[in-house]
Amino acid sequence: ELKVEQNPLFLSMQEGKNYTIYCNYSTTSDRLYWYRQDPGKSLESLFVLLSNGAVKQEGRLMASLDTKARLSTLHITAAVHDLSATYFCAVDMVGGADGLTFGKGTHLIIQP
Amino acid sequence: DGGITQSPKYLFRKEGQNVTLSCEQNLNHDAMYWYRQDPGQGLRLIYYSQIVNDFQKGDIAEGYSVSREKKESFPLTVTSAQKNPTAFYLCASSATAYYEQYFGPGTRLTVT
Chain A
7 ELKVEQNPLF LSMQEGKNYT IYCNYSTTSD RLYWYRQDPG KSLESLFVLL
57 SNGAVKQEGR LMASLDTKAR LSTLHITAAV HDLSATYFCA VDMVGGADGL
107 TFGKGTHLII QP
Chain B
62 DGGITQSPKY LFRKEGQNVT LSCEQNLNHD AMYWYRQDPG QGLRLIYYSQ
112 IVNDFQKGDI AEGYSVSREK KESFPLTVTS AQKNPTAFYL CASSATAYYE
162 QYFGPGTRLT VT
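Chains as they are written, first to last, in the numbering used here: chain A, 7 to 118; chain B, 62 to 173.
What the hints contain is simulated information worked out from the structure, not anything from laboratory work.
Note that beta-carbon positions come from the ideal geometry of N, C-alpha and C, so glycine has one too.
Keep in mind that a hint or two might mislead.
What follows is a list of derived Cβ distance ranges for each label pair [unchecked claim]:
no.	chain 1	residue 1	chain 2	residue 2	range
1	A	Tyr28	B	Gly124	29 to 37 Å
2	A	Asn58	B	Leu88	23 to 31 Å
3	A	Lys23	B	Ile112	44 to 52 Å
4	B	Glu76	A	Tyr28	39 to 47 Å
Derived lysine-lysine pairs resembling DSBU-like cross-links, with alpha carbons at most 35 Å apart [claimed, not checked]:
no.	chain 1	residue 1	chain 2	residue 2
5	A	Lys9	A	Lys110
6	A	Lys47	B	Lys132
7	A	Lys9	B	Lys131
8	B	Lys132	B	Lys118
9	A	Lys47	A	Lys74
10	B	Lys144	A	Lys47
11	A	Lys110	B	Lys118
12	A	Lys23	A	Lys62
13	B	Lys118	A	Lys62
14	B	Lys118	A	Lys74
15	B	Lys131	A	Lys23
The whole structure should be built from the sequences, with the hints applied where relevant.
This is how it looks when you write it as structure tokens:
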């Protein structure tokens, strides 16, 4: 059974600071997704990481994937209030037919 | 505009009643998925369909049923057998299985 663990589950940080969210998963996979969810809203796709060593950046967010360590990170640089949201990582099972397995999410609050 | 629509946005039902949630997509995607989200939790897979007239159970299919008679539609019925149906339900689609999933706006179901 595939398990996905995120940490921390809750993070309060100040604007301007840097921080990293971690996503560990338990079985072989080579596709990892990061989503953002605002309160009461659906999920917005942020990054799709398809291979070992993949790194993608969009604005102040950067995601990376290490398939050997079964670890992905989402790094926030010089945080701003607008990045306050819940961030989920999700993993495809190898074979890919079973839908995504999600972590519990990291609730991020960025304070001025 | 291409996208995924879910209706209604909010749904209230009495315990013991079946209720059907609508999901329609005009992205010409083959694969469609239903997820459930409980407060403070990640998403869990209920059912998925890779092709018309075929669907598979996900991790928490008990008390739910689906149909896939048309490529663009994947309705979910929450039956009276579902013990704790109050949740946020999200529909997703992807071009094929094992491709990036796009999410609809969700339906918030409350059963009292």
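A quick look at each hint next to the structure:
1. Tyr28(A) to Gly124(B): 29 to 37 Å: holds, 34 Å
2. Asn58(A) to Leu88(B): 23 to 31 Å: Distance hint for asparagine 58(A), leucine 88(B) holds at roughly 29 Å.
3. Lys23(A) to Ile112(B): 44 to 52 Å: holds, 47 Å
4. Glu76(B) to Tyr28(A): 39 to 47 Å: Roughly 40 Å apart at Cβ, these two residues keep to the hinted range, so it holds.
5. Lys9(A) to Lys110(A): Within the cut-off at roughly 10 Å; holds.
6. Lys47(A) to Lys132(B): Distance of about 25 Å is within 35 Å: holds.
7. Lys9(A) to Lys131(B): Since the Cα atoms of lysine 9(A) and lysine 131(B) sit roughly 33 Å apart, the hinted pair holds (cutoff 35 Å).
8. Lys132(B) to Lys118(B): holds, 18 Å
9. Lys47(A) to Lys74(A): Holds, at roughly 33 Å.
10. Lys144(B) to Lys47(A): Holds, at roughly 25 Å.
11. Lys110(A) to Lys118(B): Holds, because 21 Å separates the two Cα atoms, which is no more than 35 Å.
12. Lys23(A) to Lys62(A): holds, 20 Å
13. Lys118(B) to Lys62(A): holds, 33 Å
14. Lys118(B) to Lys74(A): Holds, at about 30 Å.
15. Lys131(B) to Lys23(A): Distance of about 49 Å is beyond 35 Å: violated.
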